[in-house]
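Engineer: Chains as they are written, first to last, in this note's numbering: chain D, 1 to 140; chain Z, 1 to 397.
Please keep in mind that the hints were generated in silico from the structure rather than gathered at the bench. Watch out, some of these pointers could steer you wrong.
[Stated by the list, open to error] Negatives, chain D to chain Z, calculated, CB over 10 Å: (1) 49; (2) 58; (3) 60; (4) 80; (5) 130; (6) 132; (7) 133.
[Unchecked claim] Beta-carbon label-pair distances, calculated as ranges: (8) D:108 / Z:28: 17 to 27 Å; (9) D:109 / Z:69: 56 to 66 Å; (10) D:126 / Z:169: 25 to 35 Å; (11) Z:263 / D:108: 27 to 37 Å; (12) Z:203 / D:35: 51 to 61 Å.
[Claimed, not checked] Which chain Z residues face chain D? A few, computed with CB under 10 Å, are given here: (13) 81; (14) 100; (15) 130; (16) 171; (17) 381; (18) 384; (19) 386.
In this text, a Cβ means the ideal position worked out from N, Cα and C, and glycines have one as well.
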Amino acid sequence: MGRSLKALTLLILSLVSPSGSTQVFLIAHESAEIASLTRNEARLFFTMRLKNWPNGTLTKVYVLNDNHELHRRFANEILGLYPYQLRRVWDRQLFSGTGQIPITVTNEQEMLDRLQSTPGAVGYLSHKIEHSALRVIEVQ
Amino acid sequence: MSRRVLTIGLAIGLTPPLTHAFELADGRLHIHGFASQTVVHSSANRYFGNSPSTSFDFTELGLNASYQIDPRLLLGGQVLSRRAGEMYDGTPSLDYALIDFTPIADAERRAGLRIGRIKNPIGLYNETRDVPFTRPGIFLPQAIYFDKIRNLLLSYDGLMFYGDLFKDNGNLSLALGAGRSVIDENVEWILFGTDFDGDLKAEGPNWTIGSLWYATPAETFKIGLSALMTEMSFDAGPASPVAPGSIDISDWVLSVQYNAERWTLSSEYARTPTRWKDFGPFFPFEKQTAESYYLQGAYRLRPNLEIMTRYEEGFADRTDRSGRNSSDLTGGLVPPFDFFTKIWTLGLRWDINPHTMLRLEYQRHDGTYALSIRENPDPNSLVREWDVFAASISFRF
């Protein structure tokens, strides 16, 4: 009985949870000149409280819509935050004049285009793209 | 009527092409805005307009721009138009306009200075209180964020120092500011209960504010204390029954919040000691400490669908929770229930898409302390127990 319940639970979980194969990687333009970030640093960049890379380049942050599956995965898995928390921090800065907010792109293709064409850009993708202008940043 | 239709039409018309915020000047210049229309119906008492016969007089529009000159220097400003019953007529006003200089910023700390018109960082919501998307409901907890004296709490002209420490076990944020308050007629109405002949004004720098927050790294838990102190003087006109005096106000708010995937629990407690000095024998009050608190829970059924419930209480004088002594001081002219408020709120928020939000709200009120005296000048027509139904639609880009 206990075992079949467990099997049923696993079955339901596998049905309701999105395919576990979708991954998410933090991607930055090569001009950022970094290889890794701590989770706290990644949070500071994506909440727009840190505005430049260690070499002084201005950071340009790109995100997908709050309800986009990849955005949720990025917020949860890489930043350890829920999308509503990011939105709340951004809105407080945006509507009190104390900071800017990331630029929202419509889909992953636009994200890729912006990342590779914008010096200082940082965002995320579901694949490790091989491109001379882009770096996959490890988040520890 | 035509103005309302125009506003909504404008908002809907503008929304599709503006689903992206403007980013100009190589992505350094950002322009954003919002528009919101609320309809309010109450069983009695005027709340954001003539609500007993359904009011549409609650319209909010905002437009802001920010320019990141370099990583250390940010310019920002916002213009607001707010129509709220008899309290605000929609005249555009400068909400904030500031230069933010951040000489120190790395992964461990940040420190900077803001100069200009600065929003008051009081409690969880004051800085963005006029932006529907950032409020926990259609109406803020009135016991703490009085809409009737919104302008006094809104912003000040001056300086603000801020500092953050980012540690593995959490973040600490401090803000300290000083300057001059922004005073309007609503402030006179609430502090005097009427609009006496004369002007309330600030003599020199009269505003100091501070806040200290601690949050766990992912902001699962946060706690903050914010406080302000101000003094205003009253220049009595020839027809004023009260003498030229001054008013000292302090306000401090203790805030806590817990954030989980589906739950957000928030609570705030505030005290506001007020002292009226040298107003002569015809003004009944000398010293009072208002007290208020609320408990609020929000539950996300889905990431874009949230239900919220809140209970709040506020008292004009914490030593007179029934309002009887205060009522006696007015010779019984003002009923005791005008000195307290107890409100149950039930709300629904639906973010139809990232640019459009729909809200429904019900409130059950006991007491009329949250009401604007300006909207309800006759104490005899106040009703102690009353209900509010409200719906709003809001757009942003």
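Engineer: If a hint holds in the structure, say so; if it does not, say that too.
Structural biologist: A quick look at each hint next to the structure:
Not every CB of chain Z is more than 10 Å from the CB of residue 49 of chain D (nearest about 6 Å), against its label as outside the interface. At roughly 6 Å, the least C-beta separation between residue 58 of chain D and chain Z is not larger than 10 Å, which violates its mark as non-interface. Some Cβ of chain Z comes within 10 Å of the Cβ of residue 60 of chain D; the nearest lies about 5 Å off, and the non-interface call is violated. Not every C-beta of chain Z lies more than 10 Å from that of residue 80 of chain D, the closest at about 5 Å, which undercuts listing it as non-interface.
No Cβ of chain Z approaches the Cβ of residue 130 of chain D within 10 Å, the least distance being about 25 Å, so the stated non-interface status holds. In this structure residue 132 of chain D is separated from chain Z by more than 10 Å, as the shortest Cβ-Cβ distance comes to about 22 Å. Distance check for residue 133 of chain D against chain Z: the nearest CB is about 16 Å away, which clears 10 Å, and the non-interface claim stands. Our hint of 17 to 27 Å for residue 108 of chain D and residue 28 of chain Z holds, since their Cβ atoms are close to 25 Å apart.
Residue 109 of chain D and residue 69 of chain Z have their C-beta atoms about 31 Å apart, which leaves the hinted 56 to 66 Å range violated. The hinted range of 25 to 35 Å is satisfied by residue 126 of chain D and residue 169 of chain Z, whose Cβ atoms lie roughly 32 Å apart. As the Cβ distance of residue 263 of chain Z to residue 108 of chain D is approximately 31 Å, the hint placing it in 27 to 37 Å holds. One distance hint, 51 to 61 Å for the beta-carbon pair residue 203 of chain Z and residue 35 of chain D, holds here, with the actual separation near 58 Å.
Given hint, residue 81 of chain Z at the interface with chain D, is violated; its Cβ is 15 Å from that chain's nearest Cβ, farther than 10 Å. The closest approach between the C-beta of residue 100 of chain Z and any C-beta of chain D is roughly 6 Å, which is under the 10 Å cut-off, so the hint is satisfied. Against a cut-off of 10 Å between C-beta atoms, the interface hint on residue 130 of chain Z holds, since the closest Cβ of chain D lies about 8 Å away. Taking 10 Å as the C-beta cut-off, the interface hint given for residue 171 of chain Z holds, the closest approach to chain D being about 9 Å.
The criterion of a C-beta within 10 Å of any C-beta in chain D is not met by residue 381 of chain Z, whose closest approach is roughly 37 Å, and the hint is violated. Of the supplied interface hints, the one on residue 384 of chain Z is violated, with its beta-carbon coming no nearer than about 36 Å to a beta-carbon of chain D, more than 10 Å. The interface hint given for residue 386 of chain Z is broken, as the beta carbon of that residue sits about 31 Å from the closest beta carbon of chain D, more than 10 Å.
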